[in-house]
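S.K.: The residues making up each chain are set out below.
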Amino acid sequence: MVRAITNRFRSDDGSEYVVWRRPTAFPSHRVKYLTYAILAAFVLWSAWAIRISPERFLQGTGATVEFLASMWPPDFGQRERELIREGVGETLAMAVIATIVGVIASVPVAFAAAANLAPRPVYYLARGLIMISRSFHSLIIGIIFVVAVGFGPFAGALTLSFATIGFYGKILAEDLENIDMNQLRAIEAAGGNRLQVILYGVVPQALPRMIGLAIYRWDINVRSSTIIGIVGAGGIGFTLLNAFDRYQYDFALAILLVIVAIVLLGEVASAMIRRRIR
Amino acid sequence: MLRVRELAKTYPGGEEALTGVSFDVTGNEVVAIIGPSGAGKSTLIESINRLTEPTRGTVSLDGTELTDLSKRELRRARRDIAMIFQEYNLVERLTVMENVLSGRLGYLSTWKAFRRKFPKEDVEFARETLDRVGLGGHERDRADELSGGQRQRVGIARAVLQRPKIMLADEPTSSLDPETSRAVMELLTEIARDEDIPVLINIHEVDLALEYADRLIGLADGAVVFDGPPVELDASARDRIYRDGDPSESDSDPDRAAEATDETDNGPSLEKREIQRGLN
Chain A
1 MVRAITNRFR SDDGSEYVVW RRPTAFPSHR VKYLTYAILA AFVLWSAWAI
51 RISPERFLQG TGATVEFLAS MWPPDFGQRE RELIREGVGE TLAMAVIATI
101 VGVIASVPVA FAAAANLAPR PVYYLARGLI MISRSFHSLI IGIIFVVAVG
151 FGPFAGALTL SFATIGFYGK ILAEDLENID MNQLRAIEAA GGNRLQVILY
201 GVVPQALPRM IGLAIYRWDI NVRSSTIIGI VGAGGIGFTL LNAFDRYQYD
251 FALAILLVIV AIVLLGEVAS AMIRRRIR
Chain B
279 MLRVRELAKT YPGGEEALTG VSFDVTGNEV VAIIGPSGAG KSTLIESINR
329 LTEPTRGTVS LDGTELTDLS KRELRRARRD IAMIFQEYNL VERLTVMENV
379 LSGRLGYLST WKAFRRKFPK EDVEFARETL DRVGLGGHER DRADELSGGQ
429 RQRVGIARAV LQRPKIMLAD EPTSSLDPET SRAVMELLTE IARDEDIPVL
479 INIHEVDLAL EYADRLIGLA DGAVVFDGPP VELDASARDR IYRDGDPSES
529 DSDPDRAAEA TDETDNGPSL EKREIQRGLN
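Top to bottom, those sequences are chains A and B. Counting with my numbering, you get residues 1 to 278 for the letters of the first sequence. Counting with my numbering, you get residues 279 to 558 for the letters of the second sequence.
Please note: incorrect hints may appear among the correct ones.
Claimed, not checked - Partial pick of chain B residues on the chain A-facing surface, computed with a CB cut under 8 Å:
{"no.": "1", "residue": "Thr330"}
{"no.": "2", "residue": "Thr333"}
{"no.": "3", "residue": "Arg356"}
{"no.": "4", "residue": "Met361"}
{"no.": "5", "residue": "Leu372"}
{"no.": "6", "residue": "Met375"}
{"no.": "7", "residue": "Gly381"}
{"no.": "8", "residue": "Thr388"}
{"no.": "9", "residue": "Lys390"}
{"no.": "10", "residue": "Ala391"}
{"no.": "11", "residue": "Phe392"}
{"no.": "12", "residue": "Val401"}
{"no.": "13", "residue": "Tyr520"}
What the hints assert, rightly or not - The following label-pair restraints were derived from C-beta to C-beta distances:
{"no.": "14", "chain 1": "B", "residue 1": "Thr342", "chain 2": "A", "residue 2": "Asp175", "range": "34 to 40 Å"}
{"no.": "15", "chain 1": "A", "residue 1": "Leu125", "chain 2": "B", "residue 2": "Asp422", "range": "42 to 48 Å"}
{"no.": "16", "chain 1": "A", "residue 1": "Ala148", "chain 2": "B", "residue 2": "Thr288", "range": "51 to 57 Å"}
{"no.": "17", "chain 1": "A", "residue 1": "Ser28", "chain 2": "B", "residue 2": "Asp485", "range": "25 to 31 Å"}
{"no.": "18", "chain 1": "B", "residue 1": "Arg354", "chain 2": "A", "residue 2": "Ile273", "range": "56 to 62 Å"}
{"no.": "19", "chain 1": "B", "residue 1": "Arg516", "chain 2": "A", "residue 2": "Val31", "range": "23 to 29 Å"}
{"no.": "20", "chain 1": "A", "residue 1": "Ser28", "chain 2": "B", "residue 2": "Asp422", "range": "28 to 34 Å"}
{"no.": "21", "chain 1": "B", "residue 1": "Thr388", "chain 2": "A", "residue 2": "Val147", "range": "39 to 45 Å"}
{"no.": "22", "chain 1": "A", "residue 1": "Ile132", "chain 2": "B", "residue 2": "Thr388", "range": "51 to 57 Å"}
{"no.": "23", "chain 1": "A", "residue 1": "Arg194", "chain 2": "B", "residue 2": "Asp422", "range": "40 to 46 Å"}
These are computed hints drawn from the structure, not numbers from a lab. We treat Cβ as the ideally placed atom computed from N, Cα and C, and that holds for glycine.
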């Protein structure tokens, strides 16, 4: 609640005057300053807690420069190029498969998670699934799938598919909750069954968004797939991990450059396609 | 023949929208339901095809008790009851043709509906009907490209395509300008005559009701307070409908302004809109 606070003051000649103060979102100005003081104290404590130290920072800078120097020049040798090509192939395949599988799995979840379309119990079940998918970072899910199905791109594809459900399911469900229900009522009134109501009343309203979101998620999956290899889930990230493990820092730099290029290309392609279908 | 007996509706919030409404509609009558905002007009119309579930009472169409039907049976029964809406309720991103053909969905398998495989005679009938409502040549336009009057014509064409036994219209002219309103009323009365079916129209513009209807049903506070031909609607009958029988009350109608804002507000939740609809 916003409240205007007016204070009375007495000027030098004894007459009373009133100062108008801007309303504050806090219950009172005193509470406001108290809140600021607590926040400041917390920031100071945090700085102490993580041991910010200028000496260690300077030391670290030296080590970093040494490390970077050992990376240069990037190693694009014969064997390295082959490994990169293999890794990139896996990464892109993972992203595409995960997007297709993930989106196909997400659509029913999204419909089930739309409060205006699904019965209550189904709604809670779907929302729970989305929440589980969203509450873990893909790296953690990746570790689980690597343990479950072993090293390699299969674990990566599973990881990204699962992450796609949380993302796509949640956003689409929220879009579905905002559709115009009047358009559905007409189909219902004409005697259409539940599926027909969805096909004629809901899908036309949601389709452009569904396509746009799928392409956006593909873009995200390309980015994530470069990184989940770190936990052994295949792709170029796995190649990178191996390079680091063998102290081949020049090879690692080559891989990093390739990853940057892939991410950039993915983003450009996604932006172009999405502009087209709008 | 439509028989409505002791129909009542109490909304979850406790609002009594209808308190026991009875009437019959036969032949090719054009019946206008008139009354102030909040009298229960929309609730009454929607209770007939159970878009709103009535709390008590019965509705039967040609001997079938609609109020007793299971969900599945109700869907079948709804094929015979066409409905026209105030906000047209077209599927905006579909073409005019798809919207009109959606009147046949009750007769089509879901798989055929998905592939837009409507029978040839349905498509032909849709074309004829579009010509008849003055929209020939607009088949491939998207519904959101049309004007308000054109959209309502699509809504009427969709209703006609059901080959219904009765047509319900919920404030079909409220979102239209006066001239378009008259054209829509003319079209509805013409359909009643040509198809030989009764048309039940909710309307708050009494002048339009007097001009086009064969019979008026006056609602006030959820009860029928007048039922008769337009010529019988004298000053005392008007008072019963619009002033609750209390002539001292002023002519102004603050509810109507409230209704206008409600209508434009795409309310947050379905339940809330249900309740608002009940209040209107």
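S.K.: Taking the hints in turn, state whether each one holds.
M.R.: The hints, checked one at a time:
Proximity of threonine 330 of chain B to chain A is violated relative to the hint, the smallest CB-CB distance being about 10 Å (cut-off 8 Å). Among the interface hints, the one on threonine 333 of chain B is violated; its C-beta lies about 20 Å from the nearest C-beta in chain A, farther than the 8 Å criterion. With a least beta-carbon distance of about 4 Å to chain A, the hint placing arginine 356 of chain B at the interface is held under the 8 Å criterion. Checking methionine 361 of chain B against chain A: minimum C-beta separation of about 4 Å stays under 8 Å; hint holds.
Against a cut-off of 8 Å between C-beta atoms, the interface hint on leucine 372 of chain B holds, since the closest Cβ of chain A lies about 5 Å away. Among the interface hints, the one on methionine 375 of chain B is violated; its C-beta lies about 13 Å from the nearest C-beta in chain A, farther than the 8 Å criterion. For glycine 381 of chain B, the shortest C-beta to C-beta distance to chain A is roughly 5 Å, which falls under 8 Å, so the interface hint holds. Evaluation of the threonine 388 of chain B hint against chain A yields a held restraint, the C-beta minimum of about 5 Å falling below 8 Å.
With its C-beta approaching chain A no nearer than about 10 Å, lysine 390 of chain B sits outside the 8 Å limit, and its interface hint is violated. Look at alanine 391 of chain B: its Cβ gets to within about 5 Å of chain A, closer than 8 Å, so that hint holds up. Residue-level restraint check for phenylalanine 392 of chain B holds (minimum Cβ-Cβ distance to chain A is 6 Å; threshold 8 Å). Proximity of valine 401 of chain B to chain A is violated relative to the hint, the smallest CB-CB distance being about 16 Å (cut-off 8 Å).
Annotation: interface hint on tyrosine 520 of chain B violated; nearest CB of chain A at approximately 28 Å, more than 8 Å. In this structure the hint that threonine 342 of chain B and aspartate 175 of chain A lie 34 to 40 Å apart at CB holds, the actual value being about 39 Å. Between leucine 125 of chain A and aspartate 422 of chain B the Cβ separation comes to about 35 Å, which falls outside the hinted range of 42 to 48 Å. Between alanine 148 of chain A and threonine 288 of chain B the beta carbons are some 55 Å apart, a value that agrees with the proposed interval 51 to 57 Å.
Distance hint check: the CB atoms of serine 28 of chain A and aspartate 485 of chain B are about 58 Å apart, inconsistent with the given range 25 to 31 Å. Between arginine 354 of chain B and isoleucine 273 of chain A, the C-beta spacing of about 44 Å breaks the proposed range 56 to 62 Å. At roughly 59 Å, the beta carbons of arginine 516 of chain B and valine 31 of chain A sit outside the given window of 23 to 29 Å. Range check, serine 28 of chain A to aspartate 422 of chain B: Cβ separation about 50 Å, and the 28 to 34 Å hint is violated.
Between threonine 388 of chain B and valine 147 of chain A, the C-beta spacing of about 42 Å keeps the proposed range 39 to 45 Å intact. Range check, isoleucine 132 of chain A to threonine 388 of chain B: Cβ separation about 32 Å, and the 51 to 57 Å hint is violated. A beta carbon spacing of about 25 Å between arginine 194 of chain A and aspartate 422 of chain B contradicts the range 40 to 46 Å that was offered as a hint.
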